[in-house]
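Trainee: Line by line, the protein sequences give chains Z and A.
For what it's worth, UniProt numbering labels the leading residue of the first sequence as 1, then goes sequentially.
For what it's worth, UniProt numbering labels the leading residue of the second sequence as 1, then goes sequentially.
Bear in mind the hints are in silico, worked out from the structure with no lab data behind them.
Treat each hint with caution, since some may be false.
Unchecked claim - The calculated lysine-lysine pairs, modelled on DSS-like cross-linking and capped at a C-alpha distance of 30 Å, are: (1) Z:K142 - Z:K177; (2) Z:K235 - A:K278; (3) Z:K278 - A:K235.
To be verified - Covered by chain Z, according to a simulated footprint, are these stretches of chain A (three or more residues, beta-carbon under 8 Å): (4) 25-32; (5) 236-244; (6) 280-294; (7) 315-322; (8) 357-367.
Cβ atoms here follow ideal geometry from the backbone N, Cα and C, with glycine treated the same way.
Chain residues, written in single-letter form:
Protein chains: 2
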Amino acid sequence: MKNISNYVNENKDRFLNELIDLLKIPSISADSAYKKDVIHTSEVVKTRLEEAGCDHVEICETAGYPIVYGEKIIDKNLPTILVYGHYDVQPPDPLNLWNSPPFEPVIKKTEIHPDGAIFARGACDDKGQMYMHVKAMELMTKTNQLPCNVKFMIEGEEEVGSSNLAIFVKNNQEKLKNDVILISDTGMIAKDVPSITTGLRGLSYVEVEVTGPNRDLHSGLYGGAVANPINVLTKMIASLHDENNHITIPGFYDKVEELSKEERAEMAKAPFSLEAYKKSLDIDAVYGEAGYTTNERNSIRPTLDVNGIWGGYTGEGAKTVIASQAFAKISMRLVPNQDWEEITQLFKKHFESIAPKGVTVKVTPHHGGQGYVTPIDSIGYKAASKAYFDTFGKTPIPQRSGGSIPIVALFEQELKSKTILMGFGLDSDAIHSPNEHFGLFNYYKGIETIPLFYKYFTELSK
Amino acid sequence: MKNISNYVNENKDRFLNELIDLLKIPSISADSAYKKDVIHTSEVVKTRLEEAGCDHVEICETAGYPIVYGEKIIDKNLPTILVYGHYDVQPPDPLNLWNSPPFEPVIKKTEIHPDGAIFARGACDDKGQMYMHVKAMELMTKTNQLPCNVKFMIEGEEEVGSSNLAIFVKNNQEKLKNDVILISDTGMIAKDVPSITTGLRGLSYVEVEVTGPNRDLHSGLYGGAVANPINVLTKMIASLHDENNHITIPGFYDKVEELSKEERAEMAKAPFSLEAYKKSLDIDAVYGEAGYTTNERNSIRPTLDVNGIWGGYTGEGAKTVIASQAFAKISMRLVPNQDWEEITQLFKKHFESIAPKGVTVKVTPHHGGQGYVTPIDSIGYKAASKAYFDTFGKTPIPQRSGGSIPIVALFEQELKSKTILMGFGLDSDAIHSPNEHFGLFNYYKGIETIPLFYKYFTELSK
Numbered sequence: 001m002k003n004i005s006n007y008v009n010e011n012k013d014r015f016l017n018e019l020i021d022l023l024k025i026p027s028i029s030a031d032s033a034y035k036k037d038v039i040h041t042s043e044v045v046k047t048r049l050e051e052a053g054c055d056h057v058e059i060c061e062t063a064g065y066p067i068v069y070g071e072k073i074i075d076k077n078l079p080t081i082l083v084y085g086h087y088d089v090q091p092p093d094p095l096n097l098w099n100s101p102p103f104e105p106v107i108k109k110t111e112i113h114p115d116g117a118i119f120a121r122g123a124c125d126d127k128g129q130m131y132m133h134v135k136a137m138e139l140m141t142k143t144n145q146l147p148c149n150v151k152f153m154i155e156g157e158e159e160v161g162s163s164n165l166a167i168f169v170k171n172n173q174e175k176l177k178n179d180v181i182l183i184s185d186t187g188m189i190a191k192d193v194p195s196i197t198t199g200l201r202g203l204s205y206v207e208v209e210v211t212g213p214n215r216d217l218h219s220g221l222y223g224g225a226v227a228n229p230i231n232v233l234t235k236m237i238a239s240l241h242d243e244n245n246h247i248t249i250p251g252f253y254d255k256v257e258e259l260s261k262e263e264r265a266e267m268a269k270a271p272f273s274l275e276a277y278k279k280s281l282d283i284d285a286v287y288g289e290a291g292y293t294t295n296e297r298n299s300i301r302p303t304l305d306v307n308g309i310w311g312g313y314t315g316e317g318a319k320t321v322i323a324s325q326a327f328a329k330i331s332m333r334l335v336p337n338q339d340w341e342e343i344t345q346l347f348k349k350h351f352e353s354i355a356p357k358g359v360t361v362k363v364t365p366h367h368g369g370q371g372y373v374t375p376i377d378s379i380g381y382k383a384a385s386k387a388y389f390d391t392f393g394k395t396p397i398p399q400r401s402g403g404s405i406p407i408v409a410l411f412e413q414e415l416k417s418k419t420i421l422m423g424f425g426l427d428s429d430a431i432h433s434p435n436e437h438f439g440l441f442n443y444y445k446g447i448e449t450i451p452l453f454y455k456y457f458t459e460l461s462k
Numbered sequence: 001m002k003n004i005s006n007y008v009n010e011n012k013d014r015f016l017n018e019l020i021d022l023l024k025i026p027s028i029s030a031d032s033a034y035k036k037d038v039i040h041t042s043e044v045v046k047t048r049l050e051e052a053g054c055d056h057v058e059i060c061e062t063a064g065y066p067i068v069y070g071e072k073i074i075d076k077n078l079p080t081i082l083v084y085g086h087y088d089v090q091p092p093d094p095l096n097l098w099n100s101p102p103f104e105p106v107i108k109k110t111e112i113h114p115d116g117a118i119f120a121r122g123a124c125d126d127k128g129q130m131y132m133h134v135k136a137m138e139l140m141t142k143t144n145q146l147p148c149n150v151k152f153m154i155e156g157e158e159e160v161g162s163s164n165l166a167i168f169v170k171n172n173q174e175k176l177k178n179d180v181i182l183i184s185d186t187g188m189i190a191k192d193v194p195s196i197t198t199g200l201r202g203l204s205y206v207e208v209e210v211t212g213p214n215r216d217l218h219s220g221l222y223g224g225a226v227a228n229p230i231n232v233l234t235k236m237i238a239s240l241h242d243e244n245n246h247i248t249i250p251g252f253y254d255k256v257e258e259l260s261k262e263e264r265a266e267m268a269k270a271p272f273s274l275e276a277y278k279k280s281l282d283i284d285a286v287y288g289e290a291g292y293t294t295n296e297r298n299s300i301r302p303t304l305d306v307n308g309i310w311g312g313y314t315g316e317g318a319k320t321v322i323a324s325q326a327f328a329k330i331s332m333r334l335v336p337n338q339d340w341e342e343i344t345q346l347f348k349k350h351f352e353s354i355a356p357k358g359v360t361v362k363v364t365p366h367h368g369g370q371g372y373v374t375p376i377d378s379i380g381y382k383a384a385s386k387a388y389f390d391t392f393g394k395t396p397i398p399q400r401s402g403g404s405i406p407i408v409a410l411f412e413q414e415l416k417s418k419t420i421l422m423g424f425g426l427d428s429d430a431i432h433s434p435n436e437h438f439g440l441f442n443y444y445k446g447i448e449t450i451p452l453f454y455k456y457f458t459e460l461s462k
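This is chain Z alone, in the form it adopts within the complex (with noise of 0.2 Å):
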């Protein structure tokens, strides 16, 4: 392909400026308050995806939030790209963590990143990750490089379980047809090592609720004679690891694929420095299930963590009550094999069971979604591993992610294609929390690796 990286030279300054205007935008799915938002950078994903060449762009209603819809079709023979994204964001909070307000994009150097990051809620997960496709589209129309068919869905809630992408999936199988799925949602292993993953983690996540007395009461005249609510959560969530950080929930592992030595041993290679892992998350010790390596435990095993609590009173000051509810949102990280909505339901029931007498408690499935692993021989890795060798010189490393994108399971299974994720972002880049931010070198990597993505599927596949 010309002149890409000539290309991508003389219009970065637009492609950063159109980036920013999209991260002011606060579409933080997951609380009500921002729906205007959410709808109105649907709007303007839209209307990037018809300058950048797509035809019949459309934003398709959903019970929730729309999903924008385009594509360009160029011969019928040729193959079909599918590319997925998300244009939602995480909840930035904790505010207060943030050296620079969540939905102001600021631009500053880094160790990891000296070329400069672009700090904002979504800068990397997903609008920047997204955008660079958004950019490649434009890239390859207005240089008329564009070597097949391809069509883009890009969705609002992925944040919050994607639940009707999976109905609009089912319902609109013919017009999604494809021969890949490409999806830039994941990392890479470090900006000079770049990295396809292959594999995801499933996702269960819940709410807990530990109701006690009908009120809140004086702990003086009670405490100790009614169960505490608070105390019985803390009691409940403690006994879900045993000594060994084991879940102990009966059958979570029934269905956990075992890796082989060869493949812990393939996985051993991927460059880690523990001493550096500790240091950059402030730790003096990693922790965690017994008989697993640091990146085996946050891979290729399941995982069981509360990503919030509270219960009594939280304020300022002192206050002797003793409360009448407690509650947590709970989530599980699952591997290849185990079946979301069977976690789900084997902790529901385990959690109710374990509670003592005294109280009531209330399990609340909030989503899921299933784990998956790609083979890295089908056409689709090696169209990608051929591009990433051109723009970093190096053959991509095969990886498992800790993360999950549930609807991945479901692409594949609803739209019988495999996908293929080319992420660009680093571990580093905070995703999630406070200060994420996504490193201009890789936004611009991304934009010139792409095409090529394009280019090597379509020779391969002829």
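Assemble chain A onto chain Z, guided by the hints.
Mentor: Relative to the frame of chain Z, chain A by itself:
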């Protein structure tokens, strides 16, 4: 004493309206946002004491909120009663559980209070009970029946530990010299069962903080590989009780006073229905330390309760995050002979010692106080007993309370005088809870009973 009930009857509307005005001021000492209101409340109390006939009423400044002092010395040779109360109140949250705004008092009839009760934060604890003493003072002076000397000391930091009152008492032993201390900040067994509180539990209140990684992390990328501060906090708190609900802090029980069979048998005579107790709280079972009854668990046994817990994402929807920090407010109720400062140190030492690698733990003591027991053969107790008999037609039952008034032990230590706890509230009055209230019957009965205590205490002191 003449015409006590006549005077109360003739003035009951004014007595009620004055209390309502006092309850309208949100004097929340735990929340600095209400500083103005707390100070304003002290000024109103000063005026009311002057109107009731006190001399030399002054607002005594402290490092925190002021103490209102007033006195009436009629004859150096007569005994002196020191009345203590507090004008600050607990925070009202959770606000959504109040049926009427906490600082907009309303009168409503209830099953237990057919004559009506006044609903507002502080109605019972302690503005309502404190104001009974102001009105009893008015009654005695206006009807020229004050039989002895009286001193009032009304503070504004009881709900946050009375640390400045402690200093004030130490520095003003001569000014506060008295023969007995009279406090209405406790309850009675039932509306028709008067009781005198002969014991109070001590208190140690701490805040704990668990810090893991230096920032919130994506639970997919880091889940299972680093210590999750919330999971760790739940494990640490859960470990503070064993399977018999004994507290596991080494040395915690060393100085606990064990009651004799006889004393426990005596206690067991107090009217109590476990069924009614459970029904009033909507719980199917009580819960507590093995080997003790409900009444023992919340009076003669020490306890440990979490009063508040928070960490991670607690907003609407789902956020797959591992929080950098988790927090809890924990209070321990102590029994006589347990030293609160020693227990606080034992807690700190133990809690820090059980922190796993990968997190740091900080324990911050909030405040505390010693427990207290008063003999039932003192002049003060006998005077109170006779006063109750006159107004209720029944001899009051001596009762150990589970609550704490940290300052009482200090009074005895610094002022060398015993405290009589004449409480007129009911456990069901929901102090420290939403919809706190105080029965009008109890309010007026208190105003009638207090002057009789003055009378009998003076007579028995001759």
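Trainee: Taking the hints in turn, state whether each one holds.
Mentor: We went through each hint and held it up to the structure:
1. Z:K142 - Z:K177: holds (25 Å)
2. Z:K235 - A:K278: Distance ~22 Å between K235 (chain Z) and K278 (chain A) Cα, so the pair holds.
3. Z:K278 - A:K235: At roughly 22 Å apart (the allowed maximum being 30 Å), K235 (chain A) and K278 (chain Z) satisfy the hint.
4. 25-32: Holds: 4 residues of the segment 25-32 of chain A have a Cβ under 8 Å from chain Z.
5. 236-244: holds (count 4)
6. 280-294: Holds: 10 residues of the segment 280-294 of chain A have a Cβ under 8 Å from chain Z.
7. 315-322: Since 8 is at least three, the answer is holds.
8. 357-367: Three-residue rule met by the segment 357-367 of chain A, so holds; n is 5.
Of the numbered hints stated above, none is contradicted by the structure.
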